[in-house]
Amino acid sequence: MTAHIFSVLVEDSPGVLSRVTGLFSRRGFNIESLAVGHCEQPDTSRITIVVTGNDVQIEQVKKQLNKLIEVIKVLDISESEHVERELALMKVRAGPGEARSEVMQIAGIFRAKIIDVGSDTLVVEVTGDSGKIAAIEDLLKPYGVLELVRTGKIALQRGSATVSSGR
Amino acid sequence: MKSGAQILIEGLTEQGVDIIFGYPGGVVLPIYDELYDADIRHILVRHEQAAIHAADGYARASGKTGVCLATSGPGACNLVTGLATAYMDSIPVVAITGQVPTSLLGNDAFQESDITGITMPVTKHNYLVTDARDLKRIIREAFHIASTGRKGPVLIDLPKDVCTSMVPDVDGPDEQPRLRGYKPKYQGHSKMIQRAVDLLLQAKRPVIYAGGGVISSDASAELVALAEKMCMPVTTTLMGLGCIPTDHPLNLGMLGMHGTEYANYAITESDLLFSIGVRFDDRVTGKIEAFAPQAKIIHIDIDPAEIGKNKQPDVPIVGDAKSVLSDILKKIPESCPHPEWSEKVAMWKKNHPLRYTSDGKLHPQFVIKTLADVLGEKGIIVSEVGQNQMWTAQWFKFTRPRQWISSGGLGTMGYGFPASMGVHFACPDQPVFVLAGDGSFQMNIQELGTVAQYNIPVKVIVLNNQYLGMVRQWQQLFYERRYSYTELPEVHFERIAKAYGIEAATVRNASDVEAAIRTALAHPGPYVLDVRVEREENVFPMVPAGANISEMIVGHHTEHEEE
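If you're matching them up, the sequences are chains V and F in order. Residue numbers for the first sequence follow our numbering, so the first one is 1 and each next one is one higher. Residue numbers for the second sequence follow our numbering, so the first one is 1001 and each next one is one higher.
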């Protein structure tokens, strides 16, 4: 059971996301994360889906995705060299004083940004792979993480390979 | 300027649609108003489920795309079972549903249901049209998607205001739909085809396992040619019946749960399984690990997702059955006999034929055998689901593809009778017989109204045993005869039919069966034959669910054997 990152190019039409996600739940596959947005081609969106399963299941997910009429291309990016990122926003309890400066120091070490300061809280923006986000989350927990939101993983292959070129 | 409803009718005409099965309602009034003087025939059914089954039956018998029409909400929801039936068996159907006006969408309006949401898992694709200017393109795409690649149902949901809105006439050239994400592959990979040929030429005990894909791609002639060249016996799934004539010396009949003993033995002992247009369904394979345990597997299918889904093949070939078979045939040099294997298979066939007791009582198998004798090469056989279906699959003598119409994958009781109406319109010169049980027939019996109204000359043979027979059989064999809610009270189908103005008769003795069938066949209109069969007859052989297919329960018949 390993995590796979699927990069899925789809027609930019209403309902396409529910077709894709519906397929996963219907066939008993769990989506770990999902990110969707317009991509470099007109009328096309890219969905990045992280799914865990054995080889047979992953092969079946890929084939079933390909069967959807509005799915243009499916690539398992985790099969090749790739870069991946997630973005997370964390609202951390940090009133004036020591706590606030410690949180800001931790953020600095992780090259995270402080994007909002309230009377008792800071909002920290951090970008990185899942490990990095988990690490800063662990360090900030003792101060009190009031809210956390993350984008879901996005990924691209290294070098000149692209999903639409099929490599 | 044209209305959406006009564009719809023109689009259907452009696709060659000459018949629609439907049921009107509030939001489809604009479409029905256009149909009033269109060149498309409309058959008014008594329930929308019957409309889609009829469209499906039309598609199976003709090879063309069937079309049905229903109103929004309850009308559309009544199509769901029929869509699922067509989806499971890969049947090309286009279903058109009305929808509340776009301004009310999502508003819980009267007779509103989210039919594109509801049918997403049971359609190959579906559309909610929000602008009449898209309609022409969508109709072309829908028919293209339904009838190419792995065929299947497509639904088009049409809000009322889309039907009434007037838009500029965009009647451009008849261009092919451009779908970036849909490019079915017909031609098999040449390397894989060569590997399949190599395995075929090395095989000592080859068997063909053929299914609905062979019928769907009109590849029966090529299949039989390959079987004959290779002296390779052929077993078919329920959906594949008819792709080789029942009487052909290489035919082993159906395999699987109610397959013949010799087909299941041949699969189990084979060293090469040539699988084509099949999906290794659990009713076929039984315990999947023990299915064809000694065989190398070649799997040919137009749907890449079927390959490796249930059983990993040695040679996967994605492609159309007809195209791949033609390519393989070109590479098979001459005839390749397997005398030892042929002899072994012949021995199984001789020693383990299908059987039923011939004690003078009225056994359902005898009814089907008699029907086969009376019809000869004529006729199209439609079944309901359950014991009636399995006995017909086992005992009717099919001579050609598209002669056998039955709900395989979904196993939809209530499918057969309404489907037979579509079968008649697809093949008006053929006698059409429905083999039903008393349970199944009562699931869509209201269609007697439709066959009476249009004088659709289908003949229904009800194998009336006053049980939900197949479930009762399982209760007898696996639940210690605890017949929990499977007994049905006696129904006089003759009287029901006559109340609709349909000719009918009741048969209680085996000696009357042939004459009754001949009377039904000779009658110019619809006919219902209520045949009171032995109540606790079972379907044998039977492989218990999840067991190895070579371990069959064969029953205790001694007397009548197949010829």
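Treat the hints as calculated values from the structure; they're not laboratory data. Any given hint might turn out to be false.
Said to hold, decoys possible - Think about it this way: if two alpha-carbon atoms lie no more than 20 Å apart in a straight line, the pair counts; the simulated DMTMM-like pairs of lysine to aspartate or glutamate are:
no.: 1; chain 1: F; residue 1: Lys1309; chain 2: V; residue 2: Asp55
no.: 2; chain 1: F; residue 1: Lys1311; chain 2: V; residue 2: Glu147
no.: 3; chain 1: V; residue 1: Lys73; chain 2: F; residue 2: Asp1134
no.: 4; chain 1: F; residue 1: Lys1002; chain 2: F; residue 2: Asp1134
no.: 5; chain 1: V; residue 1: Lys91; chain 2: V; residue 2: Glu147
no.: 6; chain 1: V; residue 1: Lys132; chain 2: V; residue 2: Glu86
Claimed, not checked - Across the chosen pairs, the derived CB separations fall in these ranges:
no.: 7; chain 1: V; residue 1: Asp138; chain 2: F; residue 2: Ile1288; range: 43 to 49 Å
no.: 8; chain 1: V; residue 1: Lys141; chain 2: F; residue 2: Ser1190; range: 55 to 61 Å
no.: 9; chain 1: F; residue 1: Gly1026; chain 2: V; residue 2: Ser18; range: 24 to 30 Å
no.: 10; chain 1: F; residue 1: His1523; chain 2: V; residue 2: Arg27; range: 44 to 50 Å
no.: 11; chain 1: F; residue 1: Asp1037; chain 2: V; residue 2: Thr44; range: 42 to 48 Å
no.: 12; chain 1: F; residue 1: Ile1040; chain 2: V; residue 2: Ser25; range: 37 to 43 Å
no.: 13; chain 1: V; residue 1: Asn54; chain 2: F; residue 2: Thr1130; range: 37 to 43 Å
no.: 14; chain 1: F; residue 1: Thr1130; chain 2: V; residue 2: Arg27; range: 25 to 31 Å
These numbers were taken from a predicted model, which means no experiment stands behind them. Don't be surprised by glycine CBs; every beta carbon is placed ideally from N, CA and C.
To see whether the hints hold, each was checked on the structure:
no.	hint	result
1	F:Lys1309 <-> V:Asp55	holds (11 Å)
2	F:Lys1311 <-> V:Glu147	violated (47 Å)
3	V:Lys73 <-> F:Asp1134	violated (24 Å)
4	F:Lys1002 <-> F:Asp1134	holds (13 Å)
5	V:Lys91 <-> V:Glu147	holds (5 Å)
6	V:Lys132 <-> V:Glu86	holds (9 Å)
7	V:Asp138 <-> F:Ile1288: 43 to 49 Å	holds (45 Å)
8	V:Lys141 <-> F:Ser1190: 55 to 61 Å	holds (59 Å)
9	F:Gly1026 <-> V:Ser18: 24 to 30 Å	holds (27 Å)
10	F:His1523 <-> V:Arg27: 44 to 50 Å	holds (49 Å)
11	F:Asp1037 <-> V:Thr44: 42 to 48 Å	holds (43 Å)
12	F:Ile1040 <-> V:Ser25: 37 to 43 Å	holds (39 Å)
13	V:Asn54 <-> F:Thr1130: 37 to 43 Å	holds (41 Å)
14	F:Thr1130 <-> V:Arg27: 25 to 31 Å	holds (29 Å)
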